[in-house]
Structure formats: structure tokens, C-alpha cells
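> Chain residues, written in single-letter form:
There are 2 protein chains.
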Amino acid sequence: MQERLRPRPNRERSDATRAALVAAARALFVEKGYAGTSTPEIVAAAGVTRGALYHHFEDKRALFRAVANQEAIAVADAIETAAAADSPAGDAMLAGSVAYLEAMTVPGRTRLLLTDGPAVLGAAEVSDLDDANAARTLREGLEAAAAESGASDLPIQALVVLLSAAFDRAAIAIEAGGNPAEFKAAMQQLIRAATIA
Amino acid sequence: MQERLRPRPNRERSDATRAALVAAARALFVEKGYAGTSTPEIVAAAGVTRGALYHHFEDKRALFRAVANQEAIAVADAIETAAAADSPAGDAMLAGSVAYLEAMTVPGRTRLLLTDGPAVLGAAEVSDLDDANAARTLREGLEAAAAESGASDLPIQALVVLLSAAFDRAAIAIEAGGNPAEFKAAMQQLIRAATIA
DNA sequence: ATAAACATACAGGCGGCATGCATGCAAGAA
DNA sequence: TTCTTGCATGCATGCCGCCTGTATGTTTAT
Chain A
20 MQERLRPRPN RERSDATRAA LVAAARALFV EKGYAGTSTP EIVAAAGVTR GALYHHFEDK
80 RALFRAVANQ EAIAVADAIE TAAAADSPAG DAMLAGSVAY LEAMTVPGRT RLLLTDGPAV
140 LGAAEVSDLD DANAARTLRE GLEAAAAESG ASDLPIQALV VLLSAAFDRA AIAIEAGGNP
200 AEFKAAMQQL IRAATIA
Chain B
20 MQERLRPRPN RERSDATRAA LVAAARALFV EKGYAGTSTP EIVAAAGVTR GALYHHFEDK
80 RALFRAVANQ EAIAVADAIE TAAAADSPAG DAMLAGSVAY LEAMTVPGRT RLLLTDGPAV
140 LGAAEVSDLD DANAARTLRE GLEAAAAESG ASDLPIQALV VLLSAAFDRA AIAIEAGGNP
200 AEFKAAMQQL IRAATIA
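Protein chains in written order, with our numbering: chain A, 20 to 216; chain B, 20 to 216.
Be careful, since some hints might not be right.
Covered stretches of chain B, as calculated for chain A (at least 3 residues, CB under 8 Å) [said to hold, decoys possible]:
no.	region
1	35–43
2	136–145
3	165–177
4	199–209
I should point out that these hints are in silico values taken from the structure, not numbers from a laboratory.
Backbone N, C-alpha and C fix where the C-beta goes; we use that ideal spot for every residue, glycine too.
All chains, full assembly: derive it from the sequences and hints.
Given below as C-alpha cells:
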């Protein structure tokens, strides 16, 4: 059987304008928020017209979704890379935690993923986007730590969700000018203590 | 000296339409979100015209602010009441925690205060609104518990912020159908653990 | 009469869609 | 091989309905 029946004419150009739109949208969404950014602004910054935007994306939300997706993938990659280096579950969890907080210091990520994201896409969708990836490392680490300490009846699933929220808030606090070391220490305290019977 | 130089003609009627607008807006904001709700819809539901809305509120955001404010006050009252009954700091904190989670089960509060609020008003303003009130009980409890257990060098301020975030997420999870008992247990675990040296 | 409380009318802008044009790819004919 | 025909993709332009905020007019209470 032949693959690529229709080889997509002009794929490069298409990808280029898509990327330009996503990049321009990202900058404006970060600067002025989703609601405060108009599609004319976006296409002007990208050097195209609104026709191109609505050719590539179903609507303004879909464009935001693409931006958020890109950001979430970058964060997940950072965690994956940092966690994979340390094989013991406990160390991997710690490394992943620090990696998450540092990945979220990239300007705009907190606004995109934690502030505008839930309101625009709904909390559920942005959870599937961000948490599902980032929380995996956390859960594995918690399960390992719980098994080690012999605490078997912990509500691990719930703890993962709540600790994820604490992570998010720590990222926001750090970007708002909070002392990173202080919040990292507080997160360590919470994680370590979460698995104590 | 005379007070009330201008006696505010028709204060009752004014308050009534204000209340009607806030109530109608609350219902629609909860049902369709802030962005998905138009001012024509709101005034139609309230039985007035847009003129009345813009007479009482500077803009649509100000109306949302009034709604969120009302909600935050109700939550704070619930916590205050529950916490005041138990005078020992530890008990007060526990009672306040449960009170918070139950107050947030009132339909729409999570969306208003935790999802749309930060995006519409900014994370900072909604923090001053909600957290400042709710977090006070939490901080006093943590300080008392830390003093009791002899752990003096805990980053209490940071822990309060992070635990508040966990509370918020617990409220969201519970409204989304999560098991309340499980999340309450997980929160207890986190709080108890936060003060362990 | 005077000022508040509201209603009405208007202006600017935005989001989404439909239409139109241009460019490239594929395949058959010469 | 080259040319040309057919067609889908990529994108620009114009339009429509709606919404927000304001300015102006009208009623009502004091």
C-alpha cells in the first residue's frame, strides 16, 4: 500500500505560517491576556491576515490551545529529562519537582498554563494537558516513598492532585517575586511529609 | 455638623436593582462563564436595561468583582463562624479547613473564585479577596502547631500559600465529583505533615 | 428644582464565515 | 519529456451580527 497518498503540497510554508501565528499569539497572550488580545493584533504581529488564522485554526480558542499545548510539552520535556537522569524513584521525584518549578520560570508560562488556561479551555482540559504529564513523575515517586515507609493506606491519588496544585501556586509565587529557595523548601517539606504515616 | 449632606434619594430602589443585577450576573457567570455571558443577557435576566448596569457599575468587570466579592465574603464568614467555635488553635484550624471545603461546595463558587476570578481580575486581586480572609485561620493554626512541636525554622508563610492552593484544588476536585472524605483526609495529612520537623 | 435613577440611541471594534483568487502538485496527452 | 488540464491547498478580502462602553434623553423622588 502506498503511504502519503496526498503529499501535502507546500507543507513547509504552511508550517511556517502556523508557527508564526503561534509565536505571535503567545507573545500577545502573555502580554495582554487572552481576552485582551484581538485576532487583528495577532495576525498583524505574525505578518499575515485573519484569513490565514482561520484557515489553520478553527477559532481563537484553538489558537490558544496550540500555544498552551506547546508550552505544556516544553514543561513535560524538561521534567522528563531531569527525572530520567535519577533512577531511584525518590531522587527522580525531587529532580522532577525542581525541574518543574524552573521550567515554569520561563516568562509567560504561569499566565498561559495556570491563569488563562483554565478559564479559556476549562480546568479539565488544561489538567489533561499539563498535570497528566507532570504528575506522573510525582505519583510514581509518592508510591515508591509510601511503599518504602510502609504507609499503605495513604490517599495517594488525592495527594498527587493536591501537591500538583501546590506546585502550581509555588510557580506563580516565584514568578511574582517570591523567594525561590523558600518555596522549594516548603514544597520539599510538603512532599516529604506527605508520605509519613 | 450634619451628616448625610445628600440623603441619597431612593436608596432602597437603588439597592434593589444592584442586588438584582448581581444575582442575575452570578447565575449567568456560573452557567456560561464570564466571557460567555453578555451584558444584554444579564440585564434581561435582572429585568432592567443596560443603562442601569452602567449606572451602578463602572464596567462588566466591576460587576463581576461585586459578584466575586459577595461570594468571598460568604466563604470567609463560614470559616470565621466555624473557627471561632473552637478556641484551641489546632482545633480551630481543622474546623476552618472543613468549613472552607464545605462552603466551596455551594454551586458556582469554584468557578467564580478559582477559575474565572484569577483570569478576569488577576491572580493578585482575587488573592486579596479570598485567600487573605481564609488563610488567616490557616496561618494562625500553623504557627501554633509549629510552636508546639518546636519546629521554629519552617517557612510558614510559604506553607500557608501552598496549602491554600491545595485547598482550592481540593474544592475543585470535590465539585468535579471527587470523594470529599478522601480529599479531606489528604488535606489533613498535608496540614499535619507541614508542621513536622 | 435639582439630582439621582434609569432608558435609549449611537459608535467603534471584534469574532467568525463565505467568497474569491493564486499557487503548487499530480497525472494524462502529445 | 514536456505541456496542459484538473484540482486541492493556502491565503486575502469583505461582510454580518454581536458586544462593550458612552453620550444623551427621560422619569422619579426629595
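> Confirm or reject the coverage of the region 35–43 of chain B by chain A under the rule of 3 or more residues with a beta carbon closer than 8 Å to the chain's beta carbons.
Violated, because only 0 residues of the region 35–43 of chain B bring their Cβ atoms closer than 8 Å to Cβ atoms of chain A.
> Under a C-beta cut-off of less than 8 Å, do 3 or more residues of the region 199–209 of chain B approach chain A closely enough to confirm the stated coverage?
holds (count 7)
> Report holds or violated for chain A covering the region 165–177 of chain B, Cβ cut-off 8 Å, minimum 3 residues.
holds (count 4)
> Is the listed coverage of the region 136–145 of chain B by chain A valid when you require three or more residues with a beta carbon under 8 Å from a beta carbon of that chain?
holds (count 5)
In summary, the one numbered hint that this structure violates is 1.
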